[in-house]
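S.K.: Letter by letter, the chains look like this.
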Amino acid sequence: MKSKTLQITLVYILVSLFMAILCHKILTTYFSDVKYFYLFFLKDIFFILTTALFFKYIVSKNEKRNVTVFKKLKKTNEEIKESNEKYDIVAKATSDTIWDWKIQEDSINWNKGIEGIFGYNPEEVGKTSKWWFDKIHPEDSIRMSIKLYSFIEQKTEKWQDQYRFRCADGSYKYVLDRGFLLKDENGRATRMIGAIQDITKQKEEEQRLKLLETVITQSKDSILITEANSQARKIPKIVYVNPAFSQMSGYLSNEIVGKSPNIFKGPKSDSEELKKLLRAIKNEEECLIETISYTKQKEEYWVRFSMIPIFNNEGSISHWISIQRDITEEKKLETEKEHLIRELTQNNKDLKQFSYITSHNLRAPLSNLIGLLNLIEDIPIENPELEEILAGFTKSTHLLNETINDLVKVIIIKDNPSMQKEEVSLKEVFENVFSQLSFQIELHKPIIKLKFDRVPLLNTNKAYIESILLNLLTNSIKYKSENRKLKISIIAEQIDNKAILTFKDNGIGIDLERNRDKVFGLYQRFHNYPDSKGLGLYLVKSQVETMGGTISIESEVNKGTTFTITFKN
Amino acid sequence: MLEQILCIDDDPITLMLCKKVISKSQICHEIITAQNGEEALHQFNTLKYTNKNKDSKKPELIFLDLNMPVMGGWEFLDHFTSSDYAEFNTANVIVLSSTIDPEDLAKAKKYPIIIDFLSKPITLPMLEYLKKKIDL
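Sequences listed follow chains C and G, in order. Oh and the first sequence: position 253 is 253 in our numbering, straight run, nothing missing. Heads up, our numbering is the position in the second sequence plus 569, with the first residue counted as 1.
Derived by calculation from the structure, the hints in this document are not laboratory data. Each hint should be verified, as a subset may be incorrect.
What the hints assert, rightly or not - Cross-link-like lysine-lysine pairs, in silico, DSS-like; alpha carbons within 30 Å at most:
| # | chain 1 | residue 1 | chain 2 | residue 2 |
| --- | --- | --- | --- | --- |
| 1 | C | 409 | G | 678 |
| 2 | C | 421 | G | 678 |
| 3 | G | 589 | C | 395 |
| 4 | G | 593 | C | 462 |
| 5 | C | 421 | G | 679 |
| 6 | C | 352 | G | 702 |
| 7 | C | 352 | G | 679 |
| 8 | C | 395 | G | 588 |
| 9 | C | 349 | G | 679 |
| 10 | G | 679 | C | 409 |
| 11 | C | 421 | G | 626 |
| 12 | C | 276 | C | 265 |
| 13 | C | 352 | G | 678 |
| 14 | G | 676 | C | 349 |
| 15 | C | 237 | C | 331 |
| 16 | C | 462 | G | 702 |
| 17 | C | 462 | G | 678 |
| 18 | G | 627 | G | 593 |
| 19 | G | 678 | C | 349 |
| 20 | C | 201 | C | 127 |
| 21 | C | 395 | G | 678 |
| 22 | C | 409 | G | 627 |
| 23 | C | 409 | G | 626 |
| 24 | C | 349 | C | 427 |
| 25 | G | 676 | C | 462 |
| 26 | G | 702 | G | 626 |
As the list claims (entries may be wrong) - One-sided excerpt, in silico: chain G residues whose CB lies under 7 Å from chain C:
| # | residue |
| --- | --- |
| 27 | 584 |
| 28 | 588 |
| 29 | 667 |
| 30 | 687 |
| 31 | 690 |
Just so it is clear, the structure is predicted and the values come from calculations on it, not from any experiment. Heads up, the beta-carbon is just placed ideally off N, CA and C, and yes, glycines get one too.
Looking at chain C on its own, in the form it has when it is part of the complex:
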């Protein structure tokens, strides 16, 4: 630096001396009077040297100042550079999108976040604030701009806002935008710099939690949350109750939080159930109890009360959740139902006993009568009138006996709802039935069509199915039409888990318009045949229903009758 000052000074001296010498030479050449020329020349040299000295002083001083300024500048420069580097690193490291808005020129710059987070190509990104505002969800934009401008006009201290920002693909992201203002010397806002944070995930989570929360707040079941640990022999303290709980128990949230649910206990509470609950709490197991509880107004109500332990990541209990439901109505109905069932069972038992006793008490003397009549048979009777009387007596006695035996059959069927079932071959059943009816079949020679291949085996009671088919077949033969040959078709089909047995004849039929509700009734007769008692179809229906099946009838007078029997199979 010093040499440069010296250099400048020397150059000045040399140039000035050269000029002085040159002037001196010219003057001495063209002017004759040279008396003072050397004196002037000396004066010039002196002047040059003096000014050179002065010049050097000024330059060197200036130089010194420049050096300090330069040093300062260099330092500032370095600081700026560092700061810029830092900014770059931060911008890269942060997931935020940073914008820089020159308010007066309305020009806005975005960092790479606008590309990475929102998917815009650099050429798509607008240079004005309009582009920014256009991307804000219409529902949010008015609120957002009001807040933003009141900040720019410096009516508010801070600015941060949440809004939805449209991505390149048209979807919206929830963002948190925070910014600060740069002001000029007059305090006017000139620039604003902000950082947009993508909070979509948080927002979605928040909304999800809010939705989940509605389950608790809107639930009709009472929900309460308690602490993990309890004092001895108590249920842990409550930390939260939902509105339904207050509704049910009468306690408001602030009245009950911090207390133990033990306060719902009362004189009628089931202490066994409460012990069960305490045991479960001790063993850290979930538990369900039903007991009478008491509201704040000391009214009782039945509650179904569950306690579920909530474990944290370390596997220890953090809370208990309890769900409670008022089951007072349910309990009332249940009690009523139980009472009714008990009563009905008792009635049924009494009736059954009654029917056994009655039938026994009827049968005992009747069997004596029959026995006595049997004895009379061997005694010759001389008096014809007495013989006639005894014959009538015998007939009536046997009829009474048959009737009572039929009734007994009915009682036994009705009393036996869960009889033994087995795999029965329909073919075998029919062979049995036919052999029992061989006389009638031989006599009338009906055309019988059988089709059982679809249901070879039926899970049923063998005696009942035989009795059912025997009765139906006997009826078909008994009530055949005199004008045409009897045709009977019996078809078994399997549809899903049901076996359907269709029994069809072309007999005289039953007038169903008049008798539909009586067809399967006890002692209902539709034809005045001497040996009909009106019991067969009643027995058939009883037996079908005892085996869990159903029977229906279709019939037309003088055309025939079809029975459809359905069993589970």
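Assemble chain G onto chain C, guided by the hints.
M.R.: Relative to the frame of chain C, chain G by itself:
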């Protein structure tokens, strides 16, 4: 032919009928009767303590009704099959009743001493069938 048959029934007509039909069938020499279980047990006791004679007759077949006052058929059987009546309970028992209660029928199967469960009234063919059954 059996020596002795005991009929236990509370109904005198039934007993009369039994006597007549049994004597007709010539299945045994003697028919004795009792009106209920207790009376029958009493007869066995008398037989046991008063008549030590080995040759004395004892019933080989018992027709038993179930519903009787004082002591019914089941209670009688419970006593009769105990060791107190060891010398008598080799006899065969036939339940002769007008009951229709299926429980009675099921219960009868649990007593090995009961060889049959028959419905009243007693008849000659019934006795013929029993003759074959007990191999006379």
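S.K.: Compare the structure with each hint and give your call.
M.R.: Each hint, compared with the structure:
no.	hint	in the structure
1	C:409 - G:678	holds, 21 Å
2	C:421 - G:678	holds, 21 Å
3	G:589 - C:395	holds, 22 Å
4	G:593 - C:462	violated, 40 Å
5	C:421 - G:679	holds, 23 Å
6	C:352 - G:702	violated, 34 Å
7	C:352 - G:679	holds, 23 Å
8	C:395 - G:588	holds, 25 Å
9	C:349 - G:679	holds, 24 Å
10	G:679 - C:409	holds, 24 Å
11	C:421 - G:626	violated, 49 Å
12	C:276 - C:265	holds, 14 Å
13	C:352 - G:678	holds, 22 Å
14	G:676 - C:349	holds, 19 Å
15	C:237 - C:331	holds, 28 Å
16	C:462 - G:702	holds, 28 Å
17	C:462 - G:678	holds, 22 Å
18	G:627 - G:593	holds, 21 Å
19	G:678 - C:349	holds, 23 Å
20	C:201 - C:127	holds, 28 Å
21	C:395 - G:678	violated, 35 Å
22	C:409 - G:627	violated, 39 Å
23	C:409 - G:626	violated, 42 Å
24	C:349 - C:427	violated, 38 Å
25	G:676 - C:462	holds, 23 Å
26	G:702 - G:626	holds, 22 Å
27	584	violated, 10 Å
28	588	violated, 11 Å
29	667	holds, 4 Å
30	687	violated, 11 Å
31	690	holds, 3 Å
Checked against the numbered hints above, the structure violates hints 4, 6, 11, 21, 22, 23, 24, 27, 28 and 30; every other hint is satisfied.
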